[in-house]
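Q: Chains as they are written, first to last, in this note's numbering: chain H, 3 to 252; chain Z, 112 to 736; chain D, 1177 to 1273.
Hints listed in this document are in silico derivations from the structure and should not be mistaken for laboratory results.
Certain hints may be false.
[Unchecked claim] Once the Cα atoms are required to be at most 20 Å apart in a straight line, the calculated SDA-like pairs of lysine to any residue come out as:
1. Lys-139/H / Gly-1227/D
2. Lys-121/H / Val-42/H
3. Lys-564/Z / Thr-179/Z
4. Lys-25/H / Ser-1262/D
5. Lys-554/Z / Arg-475/Z
6. Lys-281/Z / Gly-258/Z
7. Lys-25/H / Arg-1261/D
8. Lys-135/Z / Arg-226/Z
9. Lys-273/Z / Leu-203/Z
10. Lys-482/Z / Asn-469/Z
11. Lys-24/H / Ser-1262/D
12. Lys-166/Z / Leu-203/Z
13. Lys-554/Z / Thr-675/Z
14. Lys-139/H / His-1226/D
15. Lys-166/Z / Trp-588/Z
16. Lys-554/Z / Ala-479/Z
17. Lys-139/H / Ser-1262/D
18. Lys-88/H / Ala-716/Z
19. Lys-281/Z / Lys-564/Z
20. Lys-121/H / His-1226/D
21. Lys-139/H / Asn-1228/D
22. Lys-25/H / Leu-74/H
23. Lys-121/H / Gly-1227/D
24. Lys-25/H / Ser-225/H
25. Lys-121/H / Ala-1234/D
26. Lys-139/H / Arg-1261/D
27. Lys-88/H / Val-712/Z
28. Lys-88/H / Thr-709/Z
For clarity, every value in this text was computed on a predicted model and none was experimentally measured.
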Amino acid sequence: MTTFWLLAPIMVIAALGLVFAKKAVHAALCLAIVMISLAVLYAVQDAPFLFVVQIIVYTGAIMMLFLFVLMLVGVESSDAVKETIKGQRFFAAVIGLLFGVTAVLAIGQTITGTVVGLKGANENGNPYGLAELLFGKYVLAFEFTSALLITAALGAMVLAHSERLTPRQTQADIAARRMREYAESRRHPGPLPVPGVFARHNAVDTPALLPDGTPLESSISSSLVSRGQVVEGNTDNVEATLDQLEEGDK
Amino acid sequence: MFDLQWLLIAIPLAGAAILLTWGKEADGFGHIIGTLASAASFVLGVILFAQLLGKPEDDRSHTTTLFTWIDAGRFHVDMSFTFDQLSGLFVLLITGVGTLIHVYSIGYMEHDERRRRFFAFLNLFIAAMLTLVLAADYLVMFLGWEGVGLASYLLIGFWQHKDSAAAAAKKAFVVNRVGDLGMALAIMLMFAQFGTSAVEAVNQSIPGASQSVATAMGLLLLLGACGKSAQVPLQSWLLDAMEGPTPVSALIHAATMVTAGVYLVVRSAAVFDASEVARNAVIIVGLVTLLVGAWIGCTKDDIKKALAGSTMSQIGYMMLAAGLGPAGYAFAIFHLITHGFFKANMFLGAGSVMHGMNDDVEMRHYGALRKAMPITFATFALGYLAIIGFPGFSGFFSKDKIIETAFGENFWVGMGALIGAGVTAFYMTRLMMMTFFGDQRWKEDVHPHESPKVMTYPLIALGALSLLGGLLLLGDWIVEWLEPVVGHAEHHELGIPVWLMTVIITSTAALGVGLSYLTYGRRPIAGETPSDSSVSIWTRAGRHELYGNEINDALAVRPTRHLTRFLVWFDRMGVDGLVTGIADRLGDTSQFLRQPQTGYVRSYALMMFGGAALVLLALLAVTLA
Amino acid sequence: MNEYITLSLILFTIGSVGVLIRRNAIVVFMCIELMLNATNLAFVSFSRQHGNLDGQVAAFFVMVVAAAEVVVGLAIIVSIYRTRRSASVDEASLLKS
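Put together the whole structure using the sequences plus the hints.
A: Given below as structure tokens:
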């Protein structure tokens, strides 16, 4: 019981964090906390197989998928703060509260009877008991599940695949386009400037400084800009930086 | 030979069909086709009439049945035509004057680019009018009756680009509908009472019918006659009808169509003979119209409207005569024919004047035209002398006879007719003085000139007829000729000798001429119409056509409009309101229900969640209960 | 026993509210996963109460289905993002005409 009382508050706080976190990555981390805690609660409740599956499937695979997609979709898709649907938040809160309280009252308080426990069922070990059910009583459902999984895999492949609508650009095309852009709009045909040059850092999130000390936005990745994670280079004290560099040389 | 009488109608009808369907290629010679069609009809009419003259008196009514028009149960109508003494005279008048007017129109409409269509309509009119007078069945007559109404409508509105012409055509059509209603009801009454609408059969059945039926039938026919002949109270359309081209005014609105009412009354002589009330109604209508028309004729400065007032007045004379019973029928027809001559003559003369005056109809802009247009003046003068009843001219005989007969019937009716004769002389002299005598009051760029020969020859012909029309009365020829149709007249003995009567009538007319000469011949005439406020109340009333339009407006138009508005309002608010109200409420409900349908998946999720909460609440309620 | 079920219900409610108020499709998805996990907890708890393993089997199936669902769902999100450059669920409101 100690484990439960230890974990329950953590889980609730983490779940609330999932709902209220501004950034999707934080939400994902909160969800991971809830899932791992759940795994522990499974273990406590005589379900060692589910404990393992929870860790492997949920925390391992599904959470990784989420993070992976987050990375793909990028941080530009973070929530706008303003609510677009009128009254949505208010009604969600009211109905959520109503639902929670009613559910706890209606279901939580109506469960009676003694706890039988799984001592008997787990006689030959928990995985053994589960396997007996899965391949016996529930074998048909199990088969259907496999069909579902295959379908899902195919569906994901179809959805993720995108037809190429334009012909592939060869290196020659790219070079020609760059020169054309240069001719039309004076855009530099060479690679973008690298970050960090003449800035205090040479990290990727620090924009390079032009000789007159102004930061060069195009030297850093656009996703860092949109994420607001650009570090200000030391622009006002070039002299001091040079001194530091000289000291470093000695 | 009389089997061919359908050709009388078919020829102009074919002419109209050809002219209307041929197309632009016929523009160059369409007027010739139209004129030839009318002339051919006239020639055939003359041949038939000559044959009729050669027959013995009891074999002068020839009925031809072409085919069965309607055969429904007891109702049987033959498409049959009767060529007898009465319709024969009418055929000659219609086709004769019609042909002259066709010829005249060749010149008058020369510069109108739609001349071909004009001739098509004229031919259509001739065909319809002949159908009307030849019909041996009231329903066939009604066909012609409506046909002339249609032709009249088309021709009044011939220049439909003018709003006033289009409105006048509409007005004529609508007012005529009122009369047509009477005619239609009369035919229905005939069928209901006698089971037939054939003229002959109705005439034979009438003596056996009750007095009230005869009276009702007579009054209904009179209503129809009033509409067509512009008699009070359905007179208002005729003055507006002058918006049409002048040959139309001459042919339709002076010589022929407007006299159809008189024809109807004479043709239905048996009905009116059977009902004293109906006959008296005819007399009253005729007398009132004769005075009203004369009054209006005295005040109008528009030459065509003055003549239209005169037409009303003269048709009033015919009606009056027709109302006098067998004694007057022949004189009604006689006056109708002479009037057809001299009034067509004068209308065409007026057209000739307008032709020379740049289509100006304002008599106050005329003056001293006798030198500029000698032929027009001379022929117009013949018509003028005829209408005022100058001894020896056609109008002298015909009008005298009517007034005499009126005195024979009733002193006051005779007095009314006598006064009418004086007033006629007054306004016609006024018209003559303002147009052909006095000073030149022409507008600057007007150069009056005589009309081309194609226009003056018909004038000369009609002028001659105006002069010689009285020959028909030679030896009471027309009275005897028509006797088999209209019945024998008892000769009324007047209290005074006939020659004295004639002297009285002629002096009355001379008095009118003298008064008019003093008023308009001796004094200069203003170049513009005096304003309403500066003239006497009598003149003002005459100018406003005795407020006939205002009366119609107040009695019929405005109540109808209010009723229509109310019905529209009721339809919109009551009927539509109910229907659209249901639809609107449904729409509102849908709009209300639509609000939650935001299209946002989170909204739908919220509703699902709310539903789940409700299910839980219900569960809790059940558990606790 | 009740405390497990209560915890499960609380987590479920928090997950549903999250679905309702978050607009980032990925976060919404994570909230759905939270709801699934909450039900799994209830399954496992009931399994212990009744002393048989059917509840655990059900939880197992839920996990499998959740895995399939996540795969397809995330693929959809990625493809929507590819065409619309947005992962907000409010952007996809074509249901409203």
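Q: Take the hints in turn and mark each one as holding or not.
A: How the hints compare with the structure:
1. Lys-139/H / Gly-1227/D: 17 Å, holds
2. Lys-121/H / Val-42/H: Given pair Lys-121/H, Val-42/H holds - Cα atoms ~18 Å apart, limit 20 Å.
3. Lys-564/Z / Thr-179/Z: 46 Å, violated
4. Lys-25/H / Ser-1262/D: 15 Å, holds
5. Lys-554/Z / Arg-475/Z: 10 Å, holds
6. Lys-281/Z / Gly-258/Z: 15 Å, holds
7. Lys-25/H / Arg-1261/D: 18 Å, holds
8. Lys-135/Z / Arg-226/Z: 11 Å, holds
9. Lys-273/Z / Leu-203/Z: Given pair Lys-273/Z, Leu-203/Z is violated - Cα atoms ~34 Å apart, limit 20 Å.
10. Lys-482/Z / Asn-469/Z: 17 Å, holds
11. Lys-24/H / Ser-1262/D: Satisfied, since the Cα-Cα distance of roughly 16 Å is no more than 20 Å.
12. Lys-166/Z / Leu-203/Z: 18 Å, holds
13. Lys-554/Z / Thr-675/Z: 46 Å, violated
14. Lys-139/H / His-1226/D: 17 Å, holds
15. Lys-166/Z / Trp-588/Z: 15 Å, holds
16. Lys-554/Z / Ala-479/Z: 13 Å, holds
17. Lys-139/H / Ser-1262/D: 45 Å, violated
18. Lys-88/H / Ala-716/Z: 15 Å, holds
19. Lys-281/Z / Lys-564/Z: The hint is violated at about 34 Å.
20. Lys-121/H / His-1226/D: Distance ~11 Å between Lys-121/H and His-1226/D Cα, so the pair holds.
21. Lys-139/H / Asn-1228/D: Answer holds: Lys-139/H to Asn-1228/D is near 13 Å, not above 20 Å.
22. Lys-25/H / Leu-74/H: 15 Å, holds
23. Lys-121/H / Gly-1227/D: With Cα atoms ~8 Å apart, Lys-121/H and Gly-1227/D stay inside 20 Å; holds.
24. Lys-25/H / Ser-225/H: 14 Å, holds
25. Lys-121/H / Ala-1234/D: 19 Å, holds
26. Lys-139/H / Arg-1261/D: 47 Å, violated
27. Lys-88/H / Val-712/Z: At roughly 14 Å apart (the allowed maximum being 20 Å), Val-712/Z and Lys-88/H satisfy the hint.
28. Lys-88/H / Thr-709/Z: 10 Å, holds
Hint compliance for this structure: hints 3, 9, 13, 17, 19, 26 are not met, and every other hint is.
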